[in-house]
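Number of protein chains: 2
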Amino acid sequence: MHNKLKKLKKLVGEAFELQRIAAILDWDQQVEMPVAAAAGRARQAALLSGLAHEKFTGAELGELLNELVPEMKNLDPESDDYCLIRLTARDYDRHIKVPAGHVAEFAHATSLAHSEWEKAYAEADFLLFRDSLSRIFKLCRDYAGFFAPYDHIYDPLLAEFEPGLKTAVITEIFAALRPPQVELLHEIAAHPEPDQSCLKQVFAADKQWQLARAAAAAIGYDFNRGRLDSAVHPFTTAFNLNDVRITTAVKTDNLNALSSTLHEAGHAIYEQNIAQSLENTPLATGTSLAIHESQSRLWENLVGRSRPFLKFFYPRLQNAFPELRRVPLDEFYRAWNTVKPGFIRVNADEATYNLHIMLRFELEVAMLEGVLAVADLPEAWNAKMKEYLGIVPPDDARGCLQDVHWSAGLVGYFPTYALGNLISAQLWEGCREACGSLDAELEQGNFAGLRHWLNRNIHCHGSKFELLEVLRRAVGTGIRPEVYIRYLREKYTALYGR
Amino acid sequence: MHNKLKKLKKLVGEAFELQRIAAILDWDQQVEMPVAAAAGRARQAALLSGLAHEKFTGAELGELLNELVPEMKNLDPESDDYCLIRLTARDYDRHIKVPAGHVAEFAHATSLAHSEWEKAYAEADFLLFRDSLSRIFKLCRDYAGFFAPYDHIYDPLLAEFEPGLKTAVITEIFAALRPPQVELLHEIAAHPEPDQSCLKQVFAADKQWQLARAAAAAIGYDFNRGRLDSAVHPFTTAFNLNDVRITTAVKTDNLNALSSTLHEAGHAIYEQNIAQSLENTPLATGTSLAIHESQSRLWENLVGRSRPFLKFFYPRLQNAFPELRRVPLDEFYRAWNTVKPGFIRVNADEATYNLHIMLRFELEVAMLEGVLAVADLPEAWNAKMKEYLGIVPPDDARGCLQDVHWSAGLVGYFPTYALGNLISAQLWEGCREACGSLDAELEQGNFAGLRHWLNRNIHCHGSKFELLEVLRRAVGTGIRPEVYIRYLREKYTALYGR
Numbered sequence: 075m076h077n078k079l080k081k082l083k084k085l086v087g088e089a090f091e092l093q094r095i096a097a098i099l100d101w102d103q104q105v106e107m108p109v110a111a112a113a114g115r116a117r118q119a120a121l122l123s124g125l126a127h128e129k130f131t132g133a134e135l136g137e138l139l140n141e142l143v144p145e146m147k148n149l150d151p152e153s154d155d156y157c158l159i160r161l162t163a164r165d166y167d168r169h170i171k172v173p174a175g176h177v178a179e180f181a182h183a184t185s186l187a188h189s190e191w192e193k194a195y196a197e198a199d200f201l202l203f204r205d206s207l208s209r210i211f212k213l214c215r216d217y218a219g220f221f222a223p224y225d226h227i228y229d230p231l232l233a234e235f236e237p238g239l240k241t242a243v244i245t246e247i248f249a250a251l252r253p254p255q256v257e258l259l260h261e262i263a264a265h266p267e268p269d270q271s272c273l274k275q276v277f278a279a280d281k282q283w284q285l286a287r288a289a290a291a292a293i294g295y296d297f298n299r300g301r302l303d304s305a306v307h308p309f310t311t312a313f314n315l316n317d318v319r320i321t322t323a324v325k326t327d328n329l330n331a332l333s334s335t336l337h338e339a340g341h342a343i344y345e346q347n348i349a350q351s352l353e354n355t356p357l358a359t360g361t362s363l364a365i366h367e368s369q370s371r372l373w374e375n376l377v378g379r380s381r382p383f384l385k386f387f388y389p390r391l392q393n394a395f396p397e398l399r400r401v402p403l404d405e406f407y408r409a410w411n412t413v414k415p416g417f418i419r420v421n422a423d424e425a426t427y428n429l430h431i432m433l434r435f436e437l438e439v440a441m442l443e444g445v446l447a448v449a450d451l452p453e454a455w456n457a458k459m460k461e462y463l464g465i466v467p468p469d470d471a472r473g474c475l476q477d478v479h480w481s482a483g484l485v486g487y488f489p490t491y492a493l494g495n496l497i498s499a500q501l502w503e504g505c506r507e508a509c510g511s512l513d514a515e516l517e518q519g520n521f522a523g524l525r526h527w528l529n530r531n532i533h534c535h536g537s538k539f540e541l542l543e544v545l546r547r548a549v550g551t552g553i554r555p556e557v558y559i560r561y562l563r564e565k566y567t568a569l570y571g572r
Numbered sequence: 075m076h077n078k079l080k081k082l083k084k085l086v087g088e089a090f091e092l093q094r095i096a097a098i099l100d101w102d103q104q105v106e107m108p109v110a111a112a113a114g115r116a117r118q119a120a121l122l123s124g125l126a127h128e129k130f131t132g133a134e135l136g137e138l139l140n141e142l143v144p145e146m147k148n149l150d151p152e153s154d155d156y157c158l159i160r161l162t163a164r165d166y167d168r169h170i171k172v173p174a175g176h177v178a179e180f181a182h183a184t185s186l187a188h189s190e191w192e193k194a195y196a197e198a199d200f201l202l203f204r205d206s207l208s209r210i211f212k213l214c215r216d217y218a219g220f221f222a223p224y225d226h227i228y229d230p231l232l233a234e235f236e237p238g239l240k241t242a243v244i245t246e247i248f249a250a251l252r253p254p255q256v257e258l259l260h261e262i263a264a265h266p267e268p269d270q271s272c273l274k275q276v277f278a279a280d281k282q283w284q285l286a287r288a289a290a291a292a293i294g295y296d297f298n299r300g301r302l303d304s305a306v307h308p309f310t311t312a313f314n315l316n317d318v319r320i321t322t323a324v325k326t327d328n329l330n331a332l333s334s335t336l337h338e339a340g341h342a343i344y345e346q347n348i349a350q351s352l353e354n355t356p357l358a359t360g361t362s363l364a365i366h367e368s369q370s371r372l373w374e375n376l377v378g379r380s381r382p383f384l385k386f387f388y389p390r391l392q393n394a395f396p397e398l399r400r401v402p403l404d405e406f407y408r409a410w411n412t413v414k415p416g417f418i419r420v421n422a423d424e425a426t427y428n429l430h431i432m433l434r435f436e437l438e439v440a441m442l443e444g445v446l447a448v449a450d451l452p453e454a455w456n457a458k459m460k461e462y463l464g465i466v467p468p469d470d471a472r473g474c475l476q477d478v479h480w481s482a483g484l485v486g487y488f489p490t491y492a493l494g495n496l497i498s499a500q501l502w503e504g505c506r507e508a509c510g511s512l513d514a515e516l517e518q519g520n521f522a523g524l525r526h527w528l529n530r531n532i533h534c535h536g537s538k539f540e541l542l543e544v545l546r547r548a549v550g551t552g553i554r555p556e557v558y559i560r561y562l563r564e565k566y567t568a569l570y571g572r
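Sequences listed follow chains A and B, in order. The first sequence lines up with residues 75 to 572 when you count with the working numbering. The second sequence lines up with residues 75 to 572 when you count with the working numbering.
These are computed hints drawn from the structure, not numbers from a lab. No false leads were slipped in.
The calculated DMTMM-like cross-link candidates involving lysine to aspartate or glutamate, where the alpha carbons are at most 20 Å apart (straight line), are:
(1) A:83 to A:150
(2) B:240 to B:543
(3) A:240 to A:443
(4) B:414 to B:461
(5) A:325 to A:280
(6) A:78 to A:134
(7) A:129 to B:128
(8) A:78 to A:128
(9) B:83 to B:145
(10) A:212 to A:179
(11) A:84 to B:128
(12) B:129 to A:88
(13) A:129 to B:88
(14) B:83 to B:137
(15) B:83 to B:128
(16) A:212 to A:443
(17) A:325 to A:303
(18) B:193 to B:205
(19) A:81 to B:128
(20) B:84 to A:128
(21) B:129 to A:128
(22) A:274 to A:397
(23) B:81 to A:128
(24) B:193 to B:469
Computed list of chain A residues with no C-beta within reach of chain B, every gap over 12 Å:
(25) 131
(26) 173
(27) 219
(28) 330
(29) 393
Derived, one-sided and incomplete: chain A residues facing chain B with beta-carbon distance under 7 Å:
(30) 88
(31) 95
(32) 108
(33) 110
(34) 111
(35) 114
(36) 121
(37) 317
A quick note: this is a predicted structure, and the numbers were derived from the prediction, not measured. Glycine included, each C-beta is placed from N, C-alpha and C at the ideal position.
Same shape as in the complex, but just chain A (with noise of 0.2 Å):
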């Protein structure tokens, strides 16, 4: 067995140090590329993922896990090794299960969807898309095919972000979360908007840089093994456990590049503190979306918009925008912590943050049920922002053209960013019921105990878990959206009134 093992770490130990040289290689085009670059930068991104697919679905690979498989009885079900194989075996059954063909097709239809959206998102035309998106749910669908029988078609596809979770588990959490959601946004929305207008200034761009660094580097990022840089879209990408690096976008019309900050160095920090022994194995990253945006959202929102943090790093964004300086800490408090029903999911507050997911999450599974056409999806998006939000967009691109993802066939994606929203809240409260209040230490702007506690419960694991398995040992539950309604409900409440 043990030769056996030494084959599989090797075999997977490659593969994984390809995708690694991929993300490199795709870092460098989103932070540094000269644009004309991209035609070679993509065949060298293609000779990579194509080495590392075959290193993962080889013959070699399945006959070691023929072996190696009936062998994992032998072995204690929390060691690396027992991990590393199931890990392995679960993902070589995904990959083979699907004919080269359809990946192929796949690979065809999205590249082209992706430049249908671009147009039809600059024209805010969704006619311009349809067709695409159709071919896109119907590949979906196919996909789905290879995986039956199944308990819902959408399974297959969540799988691929978030392993082991069902499909049935997500729609029973989302309808214990909705109602509450909703209702307390209306309450809220009963009450005046808070003043904002100290968040309507010009902010320095060099200012913003040293502050997002000074954020980052407080939280417990490790600058020493990463390096934060400028990029169109925020994004944070792991080389290897020492080199995992955050990307932010700064705008001098406001401060969100200290939220964006404080975002990827969450995702980050979960990064940098995976065990070294799991390094140059697959167990060395993140295990899921939805456990990678809790870390994200834990540190951008539980930490990031709390009062306590705010009386820590307030007087630093006083010292550099003296504009702020006849402004009150709570004064500002209630104009970062602004509720107010928008559009753009990724402009959305914690409060509505979650209803824009619930909503793409239900079109997605009824599209690919077919009990939505795909033509009829502006009509039902609009009717569900109503609903939940109150507002309707004005046009597509406000609407349902607004996020990438479709059109790049991330099916089965959105739910994990609300699912990362509510596995924060349990782990903030599993923090503090093990640690007691965190308020005077965060005020002093020391996160070490909070960061200590992540590090054992969630980091240090990589992905030798799933996430309901990371869940349990980290606060002995499954997914429960009361306490983020809990959350949500003590913060608004207080600085919103009843």
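The hints should help you fit chain B onto chain A, whose structure is shown.
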């Protein structure tokens, strides 16, 4: 044949792309990477070079070449296909003659030698490096043995860097070059040193970066297909023909970044102007180190240190650094072209540089032949310094320990620097014969005539032809040291008088 050629192109194309991906990782490491990431990056670099090596030396390529080489007679020797087969066969032959055991041993020895060299250099103590260097020269002799019989033991080592060139040719060239270079240096030394006070000031870094960018853009480096960044040791690297990046190191106590940028831009203009039809094949790169160096030195020295160039560019320097406004052009020109024997090769001026190279060439040949014991290197080094440059280094850090090359196993590399200088003058003369004096154009910042001549005669060919063939096509002769001597003599006689 068509299908076999297609297979060949796919195979070596992928191997070549893997090398270029490795270049992206290397650039990132030198320009962007957090230091802590070095171990993980080394693993990824090793994986890529291993995969490229497999493709370049595999049985599949050997069989393809066995079938294709006999069919070359049916191809036009100037065609891309013919040249691709020839180059691939040449490099395949070089690779497979060396046993894998030797490659591993050499990699191990140079890795150790590099850290020993760093210590020895820091303490200026050759003894700390002696045994490592002996081992390296022993392994270099072993390496040459795999290619026996040879005309000279140095030939197989030289072939790594300057394929097709023989040691005997270099020996003959240097024999012709050495006496007039030493003589010219004696003549110059008899004159008083120019006033260099104008170069002894603080030159603000941001202004230097602007000037470096402006100079590179002016001579034709295409910033839309490349970028300029900061690196400790300036270098040029190509990821594809539309992404050729340069780096420089700005120091505020001198203006060397200007020269260094012109030098790297010269390398990059070569790579950026290779025929796009060669892209994605091993022909899509410069043909050899000496030809590459001829391009960098031409732009750095024959253009960048010329009076016509300064007539164009010096006003920009004066604009950036007001202290220079009181310094007339000719005073700056003289200071900028000061000839003065020094200990350090990388700081050497045009009139002394080749002497540093000939010294190294003679010593590495002697150590390889076994005529000179490695233990006696410092003494031999200092004796030659005295003979050629009239000075003796005060310690080995400023003597035989100054270069990293030998510690990295780069034996056979040095002569390409001097050959590059010689060739740069021949191309300069060739272009002036074809296009007339370029002085008026250069004075106006118009470099298109020179660049286009180089595009047509050197760049577009990529690595289709070897050095001597490239030169024959461009200027109709072999390497002629007298052209460089004539260039030096004319320039420095005008500057220093007879």
